[in-house]
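S.K.: Spelled out, the chains give:
Protein chains: 2
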Amino acid sequence: MAALHCIVKLGGSAVTHKDCFESLNVESLQRAAGIVQTLHRQGRRCIVVHGAGSFGHFQAKEYSVSKGSMEDSIDAGHLRRGLCLTRLSVTKLNHLVTEELVKHSIPAVGISPFGAWKTAGKQVARPDVAAVHEALEAGYVPVLHGDAVLDTEQQCCILSGDTIIEILSQELSPKHVVFLTDVEGIFDQPPDNPGARLVDSIVTQLDGTSEPDVLTSALPHDITGGVKLKIQTATRIVAQSRGAVTVFICKLDSEAAVRVCTRGEIGAGQGTKVFLAASTS
Amino acid sequence: MAALHCIVKLGGSAVTHKDCFESLNVESLQRAAGIVQTLHRQGRRCIVVHGAGSFGHFQAKEYSVSKGSMEDSIDAGHLRRGLCLTRLSVTKLNHLVTEELVKHSIPAVGISPFGAWKTAGKQVARPDVAAVHEALEAGYVPVLHGDAVLDTEQQCCILSGDTIIEILSQELSPKHVVFLTDVEGIFDQPPDNPGARLVDSIVTQLDGTSEPDVLTSALPHDITGGVKLKIQTATRIVAQSRGAVTVFICKLDSEAAVRVCTRGEIGAGQGTKVFLAASTS
Numbered sequence: 001m002a003a004l005h006c007i008v009k010l011g012g013s014a015v016t017h018k019d020c021f022e023s024l025n026v027e028s029l030q031r032a033a034g035i036v037q038t039l040h041r042q043g044r045r046c047i048v049v050h051g052a053g054s055f056g057h058f059q060a061k062e063y064s065v066s067k068g069s070m071e072d073s074i075d076a077g078h079l080r081r082g083l084c085l086t087r088l089s090v091t092k093l094n095h096l097v098t099e100e101l102v103k104h105s106i107p108a109v110g111i112s113p114f115g116a117w118k119t120a121g122k123q124v125a126r127p128d129v130a131a132v133h134e135a136l137e138a139g140y141v142p143v144l145h146g147d148a149v150l151d152t153e154q155q156c157c158i159l160s161g162d163t164i165i166e167i168l169s170q171e172l173s174p175k176h177v178v179f180l181t182d183v184e185g186i187f188d189q190p191p192d193n194p195g196a197r198l199v200d201s202i203v204t205q206l207d208g209t210s211e212p213d214v215l216t217s218a219l220p221h222d223i224t225g226g227v228k229l230k231i232q233t234a235t236r237i238v239a240q241s242r243g244a245v246t247v248f249i250c251k252l253d254s255e256a257a258v259r260v261c262t263r264g265e266i267g268a269g270q271g272t273k274v275f276l277a278a279s280t281s
Numbered sequence: 001m002a003a004l005h006c007i008v009k010l011g012g013s014a015v016t017h018k019d020c021f022e023s024l025n026v027e028s029l030q031r032a033a034g035i036v037q038t039l040h041r042q043g044r045r046c047i048v049v050h051g052a053g054s055f056g057h058f059q060a061k062e063y064s065v066s067k068g069s070m071e072d073s074i075d076a077g078h079l080r081r082g083l084c085l086t087r088l089s090v091t092k093l094n095h096l097v098t099e100e101l102v103k104h105s106i107p108a109v110g111i112s113p114f115g116a117w118k119t120a121g122k123q124v125a126r127p128d129v130a131a132v133h134e135a136l137e138a139g140y141v142p143v144l145h146g147d148a149v150l151d152t153e154q155q156c157c158i159l160s161g162d163t164i165i166e167i168l169s170q171e172l173s174p175k176h177v178v179f180l181t182d183v184e185g186i187f188d189q190p191p192d193n194p195g196a197r198l199v200d201s202i203v204t205q206l207d208g209t210s211e212p213d214v215l216t217s218a219l220p221h222d223i224t225g226g227v228k229l230k231i232q233t234a235t236r237i238v239a240q241s242r243g244a245v246t247v248f249i250c251k252l253d254s255e256a257a258v259r260v261c262t263r264g265e266i267g268a269g270q271g272t273k274v275f276l277a278a279s280t281s
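These protein sequences, in sequence, are chains A and B.
For the first sequence, position 262 matches number 262 in UniProt numbering, and the numbering has no gaps at all.
For the second sequence, position 175 matches number 175 in UniProt numbering, and the numbering has no gaps at all.
Note that these hints are calculated values from the structure, not bench results.
Mixed in with the good hints there might be a few duds.
Copies of one chain are not kept apart here, so a pair can be met inside one copy or by any two copies together.
Calculated pairs, BS3-like style, for lysine-lysine (alpha carbon to alpha carbon, straight line, at most 30 Å) [said to hold, decoys possible]:
| # | residue 1 | residue 2 |
| --- | --- | --- |
| 1 | Lys61 | Lys175 |
| 2 | Lys228 | Lys122 |
| 3 | Lys67 | Lys175 |
| 4 | Lys103 | Lys228 |
| 5 | Lys67 | Lys228 |
| 6 | Lys67 | Lys103 |
| 7 | Lys18 | Lys61 |
| 8 | Lys67 | Lys122 |
| 9 | Lys61 | Lys103 |
| 10 | Lys175 | Lys103 |
| 11 | Lys103 | Lys122 |
| 12 | Lys103 | Lys18 |
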């Protein structure tokens, strides 16, 4: 098959209004669709994965879907209801994203992880890469999303879009992975702080460690662990591919976003590039 | 696992207004959700499969999605667009059906065939029964639907809800299968005709033939082949199970519908029962 050009992650914070229940950021989504349209017109094969943002998160939190339960007891019904409500919400967003892509003449097909993907203790025990691969082969743009799935140890859990990307990267070897977010990239302080600096490069070793290493220890401003997890995912993707895959983190609403996705190039101050350290051997 | 009690097919004509583009029959859907709610409260495991009705059919027809194409030529883009538009429409209906079931306190999860299910020359080459089985095992009510899927010989095709039911019946052995439709059952003439008679019973042999046999030859009033196909599906399900599965065809908006689903019983004049002939050996 033709090589997979890139995997584009549409951050939940970028395509939804994160603090407003089930609220789509229509302009940002249209911009994202424009980027994927450019890739498609250039004949570049790509996969879109999106987060949940204000879809799914509220329901998942209320019912502790991510935590699941080790006990197959009276709260199983409560947990199942949580999973169902979470799924209704994230699949609603998946529909809206796919619809916008199709409006932009992209042959986009929503592929929902539940059922096909399964976890054991929150680790992916069975991914469904074949379905994604076959859709790509047939000329489609698969659109996946973070989802609530069945877990063999704790009944259910949240399978994040980032985890899906990590596995798809391993199996399908894209040239690069682009995280399109609501900020320019990785910052050394909260982005709103007056002295905050964008980190242009994160250099990764084969063992997954990276420099500047402060970024992989707990970031003082990162209460949710979101930034830390994003860096860990990015460095793992780079290390596992032995440097064949480069990861970019870039603002969706920026001039740079199209060029990062189409050419895998980013200028200084436009985002964060995560790549493998030059071999010393 | 606990036995699978029944597979309920919600006919596209029953839960949508068939001639009006993407128009849900809200009252009928609520009634269907009430039936599934009763099953769930009784602890009966069930699967819901729905047709497309006025969702998907228009798009599939316009782009000849069912016919597909043997040529990987210039019309491939047109066909892909047809598949994408068809899928957007049927997944929209799947969302509405699942949402209504969840509103009725049913742990319903939409499972879309595209990707997981694949055909070769319109015949199912790879079903995904595991995902359905696991969801059932975990206490959920899987909600599947007729979908546009990839076909290894003709690029794409329509995988009907009836075909999905046939395969799920073979693999998961429900006690019975109930087709809930917009008419009382199978008629010997168009149901609107003054002399039309409801056929109470269709007796099937192990070889799949059935009596009254006029029903399996071309029905004069069945222009689309829909009724004939329905009978063929029903008799195949009965024959393949060697009589373990009974099939009912019954009107969704009827008193009989709940009892058929919960007890597998139907009175005279309330619908059509398809079952295996008593063995003569």
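S.K.: Now tell me, hint by hint, if it's right for this structure.
M.R.: Structure-based check of all given hints:
1. For the identical chains of this complex, lysine 61 and lysine 175 are neighbours neither inside a copy (35 Å) nor across copies (38 Å), given an alpha-carbon limit of 30 Å.
2. With identical chains, the CA atoms of lysine 228 and lysine 122 are at most 30 Å apart within one copy only, with a shortest distance of 18 Å there and 47 Å across copies.
3. When the C-alpha separation of lysine 67 and lysine 175 is checked against a cutoff of 30 Å, the pair qualifies neither within a copy, at 34 Å, nor between copies, at 35 Å.
4. In this assembly of identical chains, the alpha carbons of lysine 103 and lysine 228 never lie at most 30 Å apart, being 35 Å within a copy and 37 Å across copies at closest.
5. Within a single copy, lysine 67 and lysine 228 get their C-alpha atoms as close as 20 Å, which meets the 30 Å cut-off; across copies the closest is 49 Å, which misses it.
6. With identical chains, the CA atoms of lysine 67 and lysine 103 are at most 30 Å apart between copies only, with a shortest distance of 24 Å across copies and 37 Å within one.
7. Taking the shortest alpha-carbon separations for lysine 18 and lysine 61, only the intra-copy value of 14 Å comes in at or below 30 Å, while the best inter-copy value is 39 Å.
8. In this assembly of identical chains, lysine 67 and lysine 122 lie within 30 Å of each other by CA distance solely inside one copy; the values are 9 Å within and 42 Å between copies.
9. Taking the closest pair of Cα atoms, lysine 61 and lysine 103 come within 30 Å of each other only across two copies (19 Å); inside a single copy the shortest separation is 32 Å, beyond that limit.
10. Taking identical chains as interchangeable, the C-alpha atoms of lysine 175 and lysine 103 lie at most 30 Å apart only when both belong to the same chain, with a minimum of 26 Å there against 44 Å between chains.
11. In this homomeric assembly, lysine 103 and lysine 122 come within 30 Å of each other (Cα to Cα) only across copies, at 28 Å, whereas the closest approach inside a single copy is 35 Å.
12. For the identical chains of this complex, lysine 103 and lysine 18 are neighbours both inside a copy (24 Å) and across copies (25 Å), given an alpha-carbon limit of 30 Å.
When each numbered hint is compared with the structure, violations occur for hints 1, 3, 4.
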